[in-house]
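One line per chain: the protein sequences are L and W, in this order. Read in order, the letters of the first sequence correspond to residues 0 to 206 in numbering that gives the first Met the number 0. Read in order, the letters of the second sequence correspond to residues 0 to 309 in numbering that gives the first Met the number 0.
To be clear, the hints were calculated from the coordinates, so they are not data collected in a lab. Treat each hint with caution, since some may be false.
One side only, chain W facing chain L, incomplete, derived with CB under 10 Å [as the list claims (entries may be wrong)]:
no., residue
1, A91
2, H207
3, A240
4, M247
From the derived model, a few chain L residues whose C-beta atoms are all more than 10 Å from chain W [to be verified]:
no., residue
5, K37
6, K126
7, T153
Glycine included, each C-beta is placed from N, C-alpha and C at the ideal position.
Each chain is listed here by its residues.
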Amino acid sequence: MHISDGVLPTTVALGSYALSAVIAAWSLKRTRPEALPKVAVVTATFFVASLIHIPFGPTSVHLLLPGLVGALLGASGFIAILVGLLLQSLLFQFGGLTALGANALMMGLPALACGFFFHRFKGKTAKRQMLVGGLCGGLGTMLAALLLACLLTTGGEDFFGVAKLALAAHVPVIIIETIVTALTVSFLSRVKPELLQAPFQTRRKMP
Amino acid sequence: MTPQPIILPGWSLAGGLLLLLLMGGASSWGIRRLVRGARQRRKGEPDWSLPQLDGATAGDSPIHRWEVRCKLVGMLGFAFLVVSLQDLRTAAVAGAITLSLLFVTRLPFDRSLARLLAMSGFLGMFLLVMPFSAPAHPGDTLIQFGNLESLPWNLRGLHKAATICLKACAVALLMEPLLATAPLTRTLQGLRRLGVPAAIGQMLLLAHRYSYVFKHEAWRMASGMRLRGFQPGSNRRALGAFGNFLGMLFVRSFERTERVYDAMQARGYRDRFPEPEPQPATAKDLLLAGFFLLLGVALLLADRCYFSTF
Chain L
0 MHISDGVLPT TVALGSYALS AVIAAWSLKR TRPEALPKVA VVTATFFVAS LIHIPFGPTS
60 VHLLLPGLVG ALLGASGFIA ILVGLLLQSL LFQFGGLTAL GANALMMGLP ALACGFFFHR
120 FKGKTAKRQM LVGGLCGGLG TMLAALLLAC LLTTGGEDFF GVAKLALAAH VPVIIIETIV
180 TALTVSFLSR VKPELLQAPF QTRRKMP
Chain W
0 MTPQPIILPG WSLAGGLLLL LLMGGASSWG IRRLVRGARQ RRKGEPDWSL PQLDGATAGD
60 SPIHRWEVRC KLVGMLGFAF LVVSLQDLRT AAVAGAITLS LLFVTRLPFD RSLARLLAMS
120 GFLGMFLLVM PFSAPAHPGD TLIQFGNLES LPWNLRGLHK AATICLKACA VALLMEPLLA
180 TAPLTRTLQG LRRLGVPAAI GQMLLLAHRY SYVFKHEAWR MASGMRLRGF QPGSNRRALG
240 AFGNFLGMLF VRSFERTERV YDAMQARGYR DRFPEPEPQP ATAKDLLLAG FFLLLGVALL
300 LADRCYFSTF
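Just chain L, same shape as in the assembly (with noise of 0.2 Å):
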């Protein structure tokens, strides 16, 4: 769920920019400059990606990816999250021009949290990448949500139920997310695990 224009309180919307600049700073510091194409095309991927709708009983979810995106691509993903995004704006108006900061740290804070559990916990078999890849999916879409929440609230009282259904709506996207994310990781660890490793910062490791 994107936020739209008009929403959020004009000085949430302008801290969260500035906010999400000074992220974006350090994320493109941390990515190589001649990676820097090379995120943009990656950043189309995950575009398409979040295209596809999964059904679910009578309606349909489409992924989030933050977890995913933050195993793949760490300290970089908080830029290709933030290109997607505008993409995304440009193209269908999902989610407004004037909440882009917003949206950001909505989606790019849960990946970078994702991207440092994954680094930090996956260890070297398949199977447990595949735990931890899931956990990934499930967490980054939850922090997505608990954000999404928090951002709605600083609207006023007005806006707690709003907030609560809010919440309540990421539960299915939360259990597809959890098994898409684990199957994606356990067939990327056995296909090109080179993949998991981070491939575009400027030091192998997040820290």
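Following the hints, put chain W in place on chain L, whose structure we already have.
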């Protein structure tokens, strides 16, 4: 002290909700028909189409001729002023202004309609929930349906939700005049000259171009899966197929980045793309940007000084 609610019979709530649902369903169906009417879709096939970002650059209007930096500052400044509004009436005026821009630029309406449709789910949630969830303050008008005492309907919540929707629509209608009236490279050049790091613009340009490529790749993989009898669903087998599908998409994209980057270097890429000749900003462009900012400030002043009764 909580205000005394106006009591309406219980069936009116059910009737009202039904009417709202019917209206929402009918309008979204109508918009969908309008937007996708020309395109034939096979049943069960997901919609893989990506819209064109800068499809109407050939037009000729004051907005088309506007220098891109002034346009970005004027329109984005206006957008931030519009989202600060708090009253329904000023938000409606803002919406009318941005709607009139569509007429001035003579842009096709279907893209703007698609943008409004994309927000409808998120905004519908506000319209449905906020009247019930807004706590009662002194001076509010409450409506109680039958003997549902624990679920009063607060008109202040409805006002707030409707204002949010109008503001979102106003800014969404501004997007097409902002983006479609100049080629994307020129818009990004304007952003760079306004101080946005060049890397962001280049990444956006590349990601935009390659999203079409990977969309095609995903479409080919999905047709292959369908040919082999894949049934979408949320059971173990279908989710396993989705996981492998995503994994394969990433493997192919990472492999493609290497080839793309080599090809770019072979063609002389040195960390920047060639840019169009920068346009000079004339006094007229600056005046137009100033006019938009003043319009936004005037709306905000009217909002805070005259309409602060709610």
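Each hint tested on the structure:
1. A91: violated, 13 Å
2. H207: holds, 6 Å
3. A240: holds, 9 Å
4. M247: holds, 7 Å
5. K37: The claim breaks: L:K37 does not keep its Cβ more than 10 Å from every Cβ of chain W (closest is about 4 Å).
6. K126: holds, 15 Å
7. T153: The assertion about L:T153 holds, with a minimum of 14 Å to chain W.
Checked against the numbered hints given earlier, this structure breaks hints 1 and 5; the rest are met.
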